[in-house]
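Protein chains: 4
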Amino acid sequence: MFLEKIKSQGISHLSYIMGDKGRAAVIDPRRDCDIYLEVAHRQGSRITHIFETHRNEDYVIGSTELAAMTGAEVYHGAELPFSYGKTTNEGDIFKLGSITLETIKTPGHTHESISIILYDSESGSDPVGVFTGDALFIGDVGRTDFFPDQKELMAGLLFDSIFKKILPLGDHVILYPAHGAGSVCGSGIAKREFSTLGYERLNSPLLQITDRDKFIKTKIQEIHPRPPYFARMEEYNLNGAPLIGKSHSPAPMTAERFEKGLRDGMLAIDVRSAEAFAGAFIPGSISIPLGMVPLYAGWFLPYDHDILLIASSFDDIDLAVRFLNRIGYDRVADHLHQGMNEWAVKGKNFDCIRGVFAGEIQKKISSKEKFTLLDIRSKNEFIAGHLPGAQNIFLGELEHRLSEIRPERPLITFCGSGQRAIIAASILKKHGVDHVENCFGSMQACSHTGCEIVKG
Amino acid sequence: MFLEKIKSQGISHLSYIMGDKGRAAVIDPRRDCDIYLEVAHRQGSRITHIFETHRNEDYVIGSTELAAMTGAEVYHGAELPFSYGKTTNEGDIFKLGSITLETIKTPGHTHESISIILYDSESGSDPVGVFTGDALFIGDVGRTDFFPDQKELMAGLLFDSIFKKILPLGDHVILYPAHGAGSVCGSGIAKREFSTLGYERLNSPLLQITDRDKFIKTKIQEIHPRPPYFARMEEYNLNGAPLIGKSHSPAPMTAERFEKGLRDGMLAIDVRSAEAFAGAFIPGSISIPLGMVPLYAGWFLPYDHDILLIASSFDDIDLAVRFLNRIGYDRVADHLHQGMNEWAVKGKNFDCIRGVFAGEIQKKISSKEKFTLLDIRSKNEFIAGHLPGAQNIFLGELEHRLSEIRPERPLITFCGSGQRAIIAASILKKHGVDHVENCFGSMQACSHTGCEIVKG
Amino acid sequence: MFLEKIKSQGISHLSYIMGDKGRAAVIDPRRDCDIYLEVAHRQGSRITHIFETHRNEDYVIGSTELAAMTGAEVYHGAELPFSYGKTTNEGDIFKLGSITLETIKTPGHTHESISIILYDSESGSDPVGVFTGDALFIGDVGRTDFFPDQKELMAGLLFDSIFKKILPLGDHVILYPAHGAGSVCGSGIAKREFSTLGYERLNSPLLQITDRDKFIKTKIQEIHPRPPYFARMEEYNLNGAPLIGKSHSPAPMTAERFEKGLRDGMLAIDVRSAEAFAGAFIPGSISIPLGMVPLYAGWFLPYDHDILLIASSFDDIDLAVRFLNRIGYDRVADHLHQGMNEWAVKGKNFDCIRGVFAGEIQKKISSKEKFTLLDIRSKNEFIAGHLPGAQNIFLGELEHRLSEIRPERPLITFCGSGQRAIIAASILKKHGVDHVENCFGSMQACSHTGCEIVKG
Amino acid sequence: MFLEKIKSQGISHLSYIMGDKGRAAVIDPRRDCDIYLEVAHRQGSRITHIFETHRNEDYVIGSTELAAMTGAEVYHGAELPFSYGKTTNEGDIFKLGSITLETIKTPGHTHESISIILYDSESGSDPVGVFTGDALFIGDVGRTDFFPDQKELMAGLLFDSIFKKILPLGDHVILYPAHGAGSVCGSGIAKREFSTLGYERLNSPLLQITDRDKFIKTKIQEIHPRPPYFARMEEYNLNGAPLIGKSHSPAPMTAERFEKGLRDGMLAIDVRSAEAFAGAFIPGSISIPLGMVPLYAGWFLPYDHDILLIASSFDDIDLAVRFLNRIGYDRVADHLHQGMNEWAVKGKNFDCIRGVFAGEIQKKISSKEKFTLLDIRSKNEFIAGHLPGAQNIFLGELEHRLSEIRPERPLITFCGSGQRAIIAASILKKHGVDHVENCFGSMQACSHTGCEIVKG
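Residue numbers (the working numbering), protein chains in the order written: chain A, 171 to 626; chain B, 171 to 626; chain C, 171 to 626; chain D, 171 to 626.
These are computed hints drawn from the structure, not numbers from a lab. Check each hint, because a few of them may be wrong.
Chain copies aren't distinguished; within one or between two, either way the pair holds.
[Stated by the list, open to error] Below, computed lysine-lysine pairings styled on DSSO-like, alpha-carbon distance capped at 27 Å: (1) 533 - 516; (2) 533 - 599; (3) 516 - 538; (4) 175 - 256; (5) 175 - 430.
Here the structure is a predicted model, which means the values were calculated and not measured.
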């Protein structure tokens, strides 16, 4: 019996492939699904089963893609009219060699959410592990806010799923959730990626709330980001996304063609590091440092435009394409040949954004300098602690709230570490806000250097 | 916090590397330790701690090698006079970012055996996992037969370690043992490589024996193989093995030079598949199919001879050298350029071994044909079930028990699947026993085809 | 300017990719064309041009596949009614950065054969290199036997192409042919894979024949193999082969399913080494050691059967699929899980072929033993030197000439080194010829050991 | 016969490995010589011969390192008292299978320079190729300025070597030089990396000067950079550099430890892109974008300091260490964990350098703004064309000519593309020159946008 966890960066999506005696099953595959074929091949297995723990909102599931490549059967919960795959219900049993998988219904995050129990028939009849999807994470539980008019119902369902169905499987059961730390599907997910039901029962903050009503009350007060691209993910994951097939890398283009693309309304996305963008960038381009593409691109990028990439290496371009494909952006056209250097040596105009360090901001504040400190973190983060006088507009809403920015004042973008803030800075620049600087280090640096921090 | 398991094929040795915030610790490294540097590098970590759960018998530990490369400190139990590293005692605490490690003494397999408890200081104060070395495996417990005059003592110590120190850590604790299925350190290890203390408590056969005396009785009746190379491993692992440094691949040699090497007393080891060896082999060479080198080479190969390799690819040669290094064979000279083809096209004599399938043996038995069916499995395996009339000489003892073989009769070597049997066949051939055939499929095939099987 | 040679094993096919300033051209791509995308990506180039030096006979060209992936334009000679691509004519010029390519017509191997001259516009106006397709090789010239009723015409055309168009480009011009040693497209191709027109003019045997009539006379006397699969290649390369797209590995199957496949008429191809096949093989399977698949599979394998593979590793299966795809076999079904071991442990019957070394044959000959020494090399090879009394049936014709074999005599298959002979042995076995042994080492071994060799 | 070219980036060093029938020779190996072992292994060869075409000045040769790993013999010219290896003289012959190598003396670049002729004994007696070291490049000839008091002698020797010994080998001979474009060993080397003696005879600018005196006159007028590190290379390459053995990656360090290292006098080298450095850098650090390390590090870096690295990925750190090792810097201590982000989030002060595009400079010039345009290219480059009013201080001399810079004026660093200029900017910043901006695009951009360019 083998079992491997496949982690997709950025969205911290965890999928699993397991198998025995030549057959394999995959739980919640991602869309660029070559990795599962590689593992199956290395393990000498044929992928025969694909399980979706629920209809995902934050990425395009790869079930149809993987099924097209392998002939495997796709299974999901019964409560949604999926246009592909089969329904699996409470108590369904699937056998692959010594592996036995059993479906249990664990609604709460969504209505059709299921969990899959893993047994090892060679060792005993107790469950070894459980794939909980977005019902139970390490250090957190699933979101229950996707049905705004059923908030209490969903929170109650989740309570029942966790406390009456999952935890009773036993303290000894290994927990295999669908997300790790950094996912938008849970704000308190632990950085450690291995745990058991028992460890979680003892240590996970929300599992300490064993009173159903109190649990529901806590859950319905939570605020979670809901990026606009979720709608497309939900549609794709209900009806099946277009197949991407053999993805090939976008080809290089000259500065001249790139410029023409921009004029023609294509979107220029710069996935270089925040510092490199600050050092020199193409006017009109949006900065999304590579690792942030999966989590933040869906907030700004329209789906009906071709995308041009600026990157510092070909490998980064490949990864950017994968990241974009995973959230449904398939119209990546081409990339700027040799990145910024091509742009600069062709004599094209570029812009830059001055970097500001924590000490400078502190000085500005204490000398009562007039400037806007634009904190673009989420409301939750802002409330938990921010610099005095900071204005909060969440990055995901910035483009729609530009009118709230005082145009006459110099502005410094600010976030947790300065990485998200550069995205905000690039958006402001694109919309003509010119006196923009960016604080590398941001909140973390301010904490380290002992700045005054305000809560609420 | 990251944690990766590194598995060494053949001996099913499991080592672990974990780290956080730029520092990492390794548990029981193997000797060809480039893999740990690779993981540490990928994770952006410096290896600062190396733990040995006990003085190993079945492979050369890589602590001194890895320490020489990284400057890390080596820690082991107190009850042996190691000539390197530091002693760690009950309750010692080591911190690497959010990782906290704690030493507990868990003697039984050896006197100085320790286990290392893993905590995640960011999540809670309960243990997350425990590295149990050879004290507790998945599906089995450690051997207690290494001190023949202290068998009861050791078994009792192990009982106490498991039942009074390890299991009480809690059902929810993840189990990280030092060996998986296939190791000589435990005959009942499960094929599944992930478990928890709770799952083991409920399902592991020996953990059902909760009576101390009964447990001891059971343990002292066990019979385990003790290959001659264990003595060298123990010496190396007490005093530190020679550093292998930058291992470079053995170079190719011509058939003429290979022949001269053989005449000069070098050992020719053929790591090709059993079928390829059977098809054509160099007279005097020993067959050890690549995957069996770690487990079986130590039974026959003297340490004071240069080794010549015959393989079917350069990658296999690399792996063979690693496998041999791991059990202390550092005198791998060179390899036959282009393998058997070079030998054949130079017109050198070769030999072959006819393969026999299960049905043929059945027919011979039922027609009372006179032949020796030499079952070279361990006594344990033989007793559990063998063909009627089979003679049992364990592969590891074959070279010393050649006189027990009736020279006048045709002989068929036989084992579990036919892979070990080819080793026996090659040894017999080397010692002049000529009427040798080999049963591919062996016991497994006989079971599948419904042969009569005798127990006892 | 970059230029990389891509060599396809087995058929010794040489293709080329070159580029400058973000654009690239490929000469004679193979069908599994991911490699060109990889190089282009690494070099930061977009493939814009694909050239076919001629309609190939010995492999499926990858032009349409690669064009589908890149949007590149395909160019070929004018004298055939290709159903895809564009025609290029004498003197056509193509520019990619500093690279200038120029078409010249060089018929002889085929009517529409072209060569492509390479210039470096940054260095001067002399040609740097020339891609000669199958017109001129290193150490040999192209075959002119594809139009049996125009043998003299074609040989004369080739003479003119070489002596009046290619060689006059200058001694200094680097030669980039479409095949290396081992190809069926030329029997005298040198093992060295780099040369110049000048070196060839001075040293290539056929280029010493500067008299046109004499050259023609020599060429029309040549005998070249013409495997049956050439017909399909020609059809594919005229009309475009089916796209293979994202090839995924065949999945593993059990011995039971494999057996059923055999019964259902599927073809079992065993790509393990000759020695491994000899050691144990599935009755009815055909041995084609992996490296020989591209060159020999096309002689026996019908195109209308599903193919089952037996291999010793997953990587070998991948390679076998590529090799088969390259010569148009797309119906590779699945492979035997864990190779022969799966077959043996399930108790299925297998067979073996005894290996014979050169000395044994010599002894049989000198003691006038009655046996058939079946030399399955080509007529050319046989005439150049064979053992006394050997019977010659070329491997490619064996299945149709089985009646020439004397059934009552023991038979030993024989070739250059024993590798092709095992294919013959497997075919004989499949057709019920049972007393078959195989001479590993074959002619090379006999030469080394000083056997008597007969010419003619 | 195989022959592979190994290119070392940055210094454009070309080395070669060739072999046949299990033995291989290497020409001018680099110091991190694992690559030769990999090729030899893949080709099934043992490296038995290492040739040094001359005592190199611009990198540490890997002969002793490679010899220590393989037991190969090292050969070099006779006219220098090397403390290792053997001498090879005119006409010496070395055979490896079908490869025959012959030494010819080709002094001029240095006194002991040799070239190695390559023959293929299977094809004919004409030379196939020649390894010319630094005597003859593609598009250029070797430098003859290393013995300032023997300039005419050396130039004359080189003329004789090229015109009387190398070119007479024949137009058809393939040229294998020791450097490609970008090397400091020749300013006119072509970007194309394949050529023949004939093509060079016809097209290489200096080979058109067939009059000995005129050739000498031309050569002695050449000005070549001679970085200070050449002295150490010469010493290492005469007496053997220290062995680097198994190089392991530098480990990560925190911002705090990095800061302490800086205070303790360690050198901080930032190998990120020019744009990233400009965006945010650690005060006191020197920018050397990764690809420029081999060519420019030797101008500034003292050999007696420990080096700290700032990079944007672990792979870049590995490459930086290789690059530094190749020019003798072995004291790479550690690197900043997670690069600039670690520095910023710890609240440490950083600095930035504003990027200027070509149009801005043009505007400044036309509006007669007062500023220093510091062109840090070589004198040769500057003379060939520069912006009006620019001040020229070659990058390699900048640290010693700081007094020439007018302190009161704003300053813009300028080079060919803006990549070298950032190094200059970082040096100026380190020495307290504060009003520094950098022109990305530099001369290339100015050419593209039609700025006025002054010659002389």
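Problem - Intra- versus inter-copy proximity for residue 538 and residue 516 (alpha-carbon distance at most 27 Å) - result: between (43 Å within a copy, 24 Å between copies)
Practice task
Up to 27 Å between alpha-carbons, please classify residue 175 paired with residue 256: within, between, both or neither.
Solution key: within (24 Å within a copy, 35 Å between copies)
Problem - Homomeric proximity label, residue 175 with residue 430: Cα distance no greater than 27 Å - result: neither (43 Å within a copy, 35 Å between copies)
Exercise for the section: With 27 Å as the alpha-carbon cut-off, assign the pair residue 533 and residue 599 to within, between, both or neither. Expected result: both (25 Å within a copy, 23 Å between copies)
Exercise for the section: Have a look at residue 533 and residue 516 and pick one of within, between, both or neither, based on CA distance no larger than 27 Å. Expected result: between (40 Å within a copy, 17 Å between copies)
Figure legend: structure checked against the earlier numbered hints; the only hint not met is number 5.
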